[in-house]
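S.K.: Here's the letter readout for the chains.
Number of protein chains: 2
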Amino acid sequence: MAVPKLLLVEDDPALAELLEYRFANEGYAVRTTADGDEALVMASEDAPDLVILDWMIEGTSGIEVCRRLRRDKETAHVPIIMLTAREAEDDRVRGLETGADDYLTKPFSPRELLARVSAVLRRVRPALAGELIEAGDLKLDPVAHKVERRGRSLQLGPTEYRLLQFFMEHPRRVFSRGQLLDAVWGTGSEIEERTVDVHIRRLRKAIEIDKANDPIRTVRSAGYALEPA
Amino acid sequence: MAVPKLLLVEDDPALAELLEYRFANEGYAVRTTADGDEALVMASEDAPDLVILDWMIEGTSGIEVCRRLRRDKETAHVPIIMLTAREAEDDRVRGLETGADDYLTKPFSPRELLARVSAVLRRVRPALAGELIEAGDLKLDPVAHKVERRGRSLQLGPTEYRLLQFFMEHPRRVFSRGQLLDAVWGTGSEIEERTVDVHIRRLRKAIEIDKANDPIRTVRSAGYALEPA
DNA sequence: GGTGCTTTGTCTCATCCCTGTCATATTTCG
DNA sequence: CGAAATATGACAGGGATGAGACAAAGCACC
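Chains as they are written, first to last, in the numbering used here: chain A, 1 to 229; chain B, 1 to 229.
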């Protein structure tokens, strides 16, 4: 997760190569295909963090790819940036309807695409942009996958890590158990809401440094929030 | 109440699914139906915070649904955003006349609908849009679920919190015990009206800062109102 | 493929706070 | 003053959260 994984669906070989080179240079892991069906396979095999999707591609059409990505639980949340020809105003509307997050009309500068990708990633998942997240005396390094509090490094399990990361990305905000399940466990998880309590307790225990300073606030009948000290 | 409840009335399954997904993703609780009559039933069962209403639907027509929503006391105040076909200029006028708050012509981008929904909610119920509510020396942060008075943070129980939020959303207005029960406890709660008195007292106690400044006004034989200092 | 450790979801029990109601005191108004 | 309405204090029950335990599943390592 340290390196954002991009899936580039583009059937112009020259453009594909150019972009691949630029993205690799910026520290992204890029996989490319020219074919819509193959894109779906690749996406389901190893869910990317963002999809760059040319509208006019071989095989399954762009709009269809978009739709199917949204339908699959694994990839439903993956942001999509569309590339369209300038003339196809209508496509743009349909693309946005279908769930694309942003679009770019050809021709565009690679730099602009880079910027959009970075912006979308930062919005959706700040950690993916590789930024160190800080909240109070907590520091989370998404690249190294490490957390520390007041300099002391913490030992967290996978779920605790994701839970804490989510809280640190939205400090002070109260989330219901249901919201936490959606955000941390994934939409549609069939998990008992009370289970969240247990993980909150485990997270609390894992980040405990002294009895008095618990940064996780319980809001009765509402949920939990992280209160940076 | 932290999560705004939307009712989506749309008979194009593809569009409905897409919107449902996007809204769920943005933290809304969405219920969907393709049928006008069913929409009315759903709305009366559990009043939504906002209705997105496609004009061209099966069963009762959009304009009729709109009218009936307005007629029912429970849903009379619920904002409505209409979706119309581009050609039907005439419908748009009649829709707004009938009491829709905003409209969008198809095709539209989900993002735009999101923006409108947020805008309408912010206007009608700031708390649902996550905005800080202020009333006199009281400040309520619905996102963090915190209340403070003159800078001092207050400690409220769940019901007291909801009650205060409701008052702060409608300052200076007098509400009967029955209205408060409906608004704060939920429609159809089988609770003794006198119980409201008790919670008013608890709320008064919780926000008390000195004996003289009680912002809650008792209106004999009518109810209670919040009077911002 | 087996083994042992870690993680994870659920259950149960204990605790504490919240909540609705009642009895009673106090206020308001005719 | 008397009646109605409201404020207050007390209380029992319920509901929500915290803590510990445990079996199943996942996982790394051999």
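A hint or two may mislead.
Chain copies aren't distinguished; within one or between two, either way the pair holds.
To be verified - Derived SDA-like pairs (lysine to any residue); straight-line CA-CA distance at most 25 Å: (1) K211 x E190; (2) K106 x L132; (3) K139 x R31; (4) K211 x T32; (5) K211 x I63; (6) K5 x A222; (7) K5 x R70; (8) K5 x K139; (9) K5 x W185.
Hints were generated in silico from the structure; no laboratory data involved.
S.K.: A separate judgement is required for each hint: does it hold in the structure or not?
M.R.: Against the structure, the hints:
1. For the homomeric pair K211 and E190, neither the shortest alpha-carbon distance inside one copy (33 Å) nor that between copies (42 Å) is at most 25 Å.
2. Taking CA atoms no more than 25 Å apart as the test, K106 paired with L132 passes in neither setting, with 33 Å inside one copy and 42 Å between copies.
3. With identical chains, the CA atoms of K139 and R31 are never at most 25 Å apart, being 31 Å at best within one copy and 39 Å at best between copies.
4. Taking the shortest alpha-carbon separations for K211 and T32, neither the intra-copy value of 49 Å nor the inter-copy value of 47 Å comes in at or below 25 Å.
5. Proximity of K211 to I63 under the C-alpha cut-off of 25 Å is found in neither arrangement, the shortest distances being 53 Å within a copy and 60 Å between copies.
6. Proximity of K5 to A222 under the C-alpha cut-off of 25 Å is restricted to the inter-copy arrangement: shortest distance 16 Å between copies versus 30 Å within a copy.
7. Taking the closest pair of Cα atoms, K5 and R70 come within 25 Å of each other both inside a single copy (18 Å) and across two copies (22 Å).
8. In this homomeric assembly, K5 and K139 come within 25 Å of each other (Cα to Cα) only inside a single copy, at 24 Å, whereas the closest approach across copies is 35 Å.
9. Proximity of K5 and W185 under a CA criterion of 25 Å is satisfied in both settings, with 16 Å inside one chain copy and 22 Å between copies.
Violation of the numbered hints given earlier is confined to hints 1, 2, 3, 4 and 5; the remaining hints are satisfied by the structure.
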